[in-house]
Each structure stands twice: as C-alpha cells, then as structure tokens.
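Construct the complete structure from the given sequences, taking the supplied hints into account.
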Amino acid sequence: MKKPRLPVIRSTLAAVSIRRRFVVLLAAFSVVLAALFGYMSWRVAGSALEAELDQRMVEVAGAMTKTQLDPDMLAMLQPGYEDMGAFTSTQAQLDSLAAHFVADAWIIRPDGTTVVTRASATDVPVGTQLRLLAPYQGEIRLAQRDGSSTTPIWYDASGRGFKYGFIAFGGLIMAVQMPADLYEPLGRLQRALIFGSLFGLGLSFLLGTFLAANIALPLERLVRAAGRIQRGYLDRPVRLDRDDELGRLAEAMERMRQGVLERDEQLRLMLAQVAHEIRNPLGGMELFATAAIDAEDRAEREQLIGRVRGEVGALNRIINEFLAFARPTVAEIEAVDLRLPVREAIELATARDGSVAARVELLLPREPLQARAAPEQVKRVVLNLVQNAFAVSERVVVRGRFEGGEAIIAVADDGPGVPEDQRDRIFDPFVTDKEKGAGLGLAIVKRDMEAMGGRVEVGDAADSGSGTGAEFRVYFPGFDDPPDEQN
1 MKKPRLPVIR STLAAVSIRR RFVVLLAAFS VVLAALFGYM SWRVAGSALE AELDQRMVEV
61 AGAMTKTQLD PDMLAMLQPG YEDMGAFTST QAQLDSLAAH FVADAWIIRP DGTTVVTRAS
121 ATDVPVGTQL RLLAPYQGEI RLAQRDGSST TPIWYDASGR GFKYGFIAFG GLIMAVQMPA
181 DLYEPLGRLQ RALIFGSLFG LGLSFLLGTF LAANIALPLE RLVRAAGRIQ RGYLDRPVRL
241 DRDDELGRLA EAMERMRQGV LERDEQLRLM LAQVAHEIRN PLGGMELFAT AAIDAEDRAE
301 REQLIGRVRG EVGALNRIIN EFLAFARPTV AEIEAVDLRL PVREAIELAT ARDGSVAARV
361 ELLLPREPLQ ARAAPEQVKR VVLNLVQNAF AVSERVVVRG RFEGGEAIIA VADDGPGVPE
421 DQRDRIFDPF VTDKEKGAGL GLAIVKRDME AMGGRVEVGD AADSGSGTGA EFRVYFPGFD
481 DPPDEQN
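Counting along the sequence shown from 1, when you hit position 375 you're at 375 in my numbering, and nothing is skipped either side.
Don't read these hints as lab results, they were simulated from the structure.
Note that the structure is predicted; figures quoted are calculated from it, not measured.
Some clues are possibly wrong.
[To be verified] Each pair of labels, with its calculated beta carbon distance range:
# : residue 1 : residue 2 : range
1 : 36        : 262       : 49 to 57 Å
2 : 464       : 261       : 35 to 43 Å
3 : 221       : 428       : 26 to 34 Å
4 : 214       : 479       : 45 to 53 Å
5 : 134       : 86        : 23 to 31 Å
6 : 366       : 241       : 57 to 65 Å
7 : 119       : 170       : 19 to 27 Å
8 : 206       : 428       : 49 to 57 Å
9 : 67        : 135       : 24 to 32 Å
Ideal Cβ positions, reconstructed from N, Cα and C, are used throughout, including at glycine.
Below is the structure:
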C-alpha cells in the first residue's frame, strides 16, 4: 500500500509560504524604510528652508532699519503728514524693498497702527489699524522683546504661501511679507522620494525573489530529500553544491542517509545472523530432546539432557551478545586505575573456564595505570579480547603500560594472526572466520572504546615479543598529572 504524501505536501507548502513571506517582508521593510527616510528628509529639508527664509527676512528688513531709516523722525509722523518728505522718502524705500526682496512692507507702531505704507497703499493714512496684521499681535510683542520674530506660513486664496516678519527698531516695528515658495523645492524632493521609494520597492522585490530562490528553493529540495529518507527511499544521495550553511546542512543530511543505510544493512545482517545462530542450537536441542525421549538408559538420558542444557546456554550467550550490541553505550567516564577492571575481567573469564587462569600471563605495572575510562566498559573490552584470543590460542599475554599520554592494554596470542587485508574490516559487525559466534565481539570492543574516547588497533604480537599471533591494543586517554591513588 502506498504511503500518503500529505506530510511532504504540507512541508512543501510551508517552504513556499516561507519564500513568499520572505519576499513580502523584504519589500515591506524597503517601503517602510524608504517612507520613514523620505518623511524625515522632507521634515528636515522643510525646517531648514523655513529657517533660511526667516533668516533672510530678518536680514533684509534689519539691514534697512539699521542703515536707511530714522526711527525718531518716523515716530513724529501723524495723520495728515502723508505729503512730508520723511513719509514719501520712506515710502519709496519700502517700494524698492518690495520690488527686489519682499512682497510687501510696512512700518507700524506696536499697537498695529500704520506709520508708513508703500506707495500702492496711498489711501492708507498714518495711524490706520492694519487688520491683516491683527492676528499676529503675539509675534509683534515677541519682536519687541527679542528684536525680531516671524509668523507661521499662511496661504492666500490661490493657495500660495506667505510669511510675515517683524523687526523692532527705535520703538517702531518694520513688518514685511515674503512669499514662502519653499514648498516648491520640497514638492520636487517629495516626488523624487516617491519615485525613489517605488524604485526601491521594485528592486527589493527582485532582490527578495532572488534571495528566496537561493534560500527557500534549496530548502524545498532538502525537505523533499528528508521526506524520501523518512519514507525509506535511501537510494538517491542528498546533493546541494553550495559552500554556505545550506550546503553544510545537505552534507549532514547525506551523512545521515549513509548512516541510515549502514544501520539498515547492519540490521539486515543482524537478523540473518540471529536466525542462523539460533537455528543451530534449536536444531541440536530438538535432536537431543528426541533422543532423550527414546533413550531407555538413565545415564544416557541424563547425558542427552545435559547436551540440551548446553545448547540452551549457547543460545543464551548468543542472545546476550546481540543484546549487548543493540543496547546503546553510555560511558560514565571517571579516573580509573586500569589494573583493577583488567584483573576482574581475567577472574570472570576464569569463572567461565577454570583453565584460563593457568594460560594467561598478566603483566601489569606496579604503579597505578591511571586513565579516563568507565570501569564496566573496560572490563567488558578486556573480557571480549581475552575470550577471542583463547578461541585461537592456548596462551594469552595481557600487558599494561603508559606511553605518550595514553594508557595501553595489549592482549596478544599465539594464533594465526590477522591478515593485513582484513584488519580494516575485522571490527565491523558480523565479520568472523569462526564457525560459531555472531562476529560481534570486536564490534562491541570498538564501540565501547569510542564511547570512552579511546581507540582499538590490531597488529602482530611478534612486534612486542608477546607471542606469534595477533595483538589487540586498546588506548585510553591518560592524565597529564595522574591523581594519587592507593595500589
């Protein structure tokens, strides 16, 4: 029955959603950033231009009040004095100022009544209250206090902006009106910012699409590869030719795929080996049990039942060996004097076979052989190596020494040795040249040593003068300054 593809479809949709969100997020960020930058630029430019306009009004009007106007003479003007030379000359100066610099100009008293107006306002006699300046009494008082002031921008019926400026001199106020055309360049700046934002939006969309294609699409490929591995389709390698994090993720997934393949192969071999190893004892048990039933002699029947019990023991050892290999190894590392678990392993081997003690030559140093290890794993490692050695040899030499910052335990025998072409495979599971046994002993040794941070090697016993066969050496991390312990 074909497995449903719903999880894979959901993963793919999630990746597509990530890609879209990536593009939208980048575009939205670009728009918000451009809008914020544009608004701040518009505000800063507007403030700067308005400040420049205020300064210009003050400078233009102030220059006239300081160099061309006589406040004492102007203060003497009263209604009916419009034909006097002081009035007409000042009026001409205001006309000249309006023609070159400002839109309009007046000289007024602090109460808002006129002193001199431009020639175009001849129907405005001295002492007339200017209604257009009435809303700005606060700015006029501010000019009396500080010397000058300006009003906010206001707009006429056509929508054109203007500002008033007030300069205090000799108890009088000079008022000027100046066009506030600063929003024309601000408008151009605003349009430029809008077009720039739109351009940035398009560019960010293209960039987001490009980045999404280079991130989300490879992620989709990895998601599909993970889905294939999850469904058990392990024939296709995971490949992503990149040198970044996604490439390293693809490499990790490829190593995972290979590891799953190796474990599947080990599981297949283990099941086949289990079936093979269990079939032989079961066959013997069936044969001996049938013979025991038919046996009339009590001694013969007891002998056959003993053979059945032996086959049961062999079957139990096989099961324990497979369980030991299948069980995860957790090494509780501590400071260990390796002499103690080595002796315990020899004693355990002696308990199983009373002749072992007489055939083991144990050569351990008198001083503690300190290392970083787990005592139970050390005992299991040495026991496996000693049992393997006695399977091919009548004599076994176990040595211990400290060399190059490592503690070394070597188990040598007088057997046939291990050929050079098999030394790389001998620690793989289910690799054995014996008629009995599952071929897991050395695989367990290798796994236990790696769990303790050590390693195992095989060589020739003749190199160390310990025998004529093979020598298995296990290396444990040592101490630079070994802790003091009692022998």
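Do the hints match the structure? See the list:
{"no.": "1", "hint": "36 x 262: 49 to 57 Å", "in the structure": "56 Å, holds"}
{"no.": "2", "hint": "464 x 261: 35 to 43 Å", "in the structure": "38 Å, holds"}
{"no.": "3", "hint": "221 x 428: 26 to 34 Å", "in the structure": "33 Å, holds"}
{"no.": "4", "hint": "214 x 479: 45 to 53 Å", "in the structure": "50 Å, holds"}
{"no.": "5", "hint": "134 x 86: 23 to 31 Å", "in the structure": "26 Å, holds"}
{"no.": "6", "hint": "366 x 241: 57 to 65 Å", "in the structure": "59 Å, holds"}
{"no.": "7", "hint": "119 x 170: 19 to 27 Å", "in the structure": "23 Å, holds"}
{"no.": "8", "hint": "206 x 428: 49 to 57 Å", "in the structure": "54 Å, holds"}
{"no.": "9", "hint": "67 x 135: 24 to 32 Å", "in the structure": "30 Å, holds"}
Going through the hint list in order, the structure satisfies each hint without exception.
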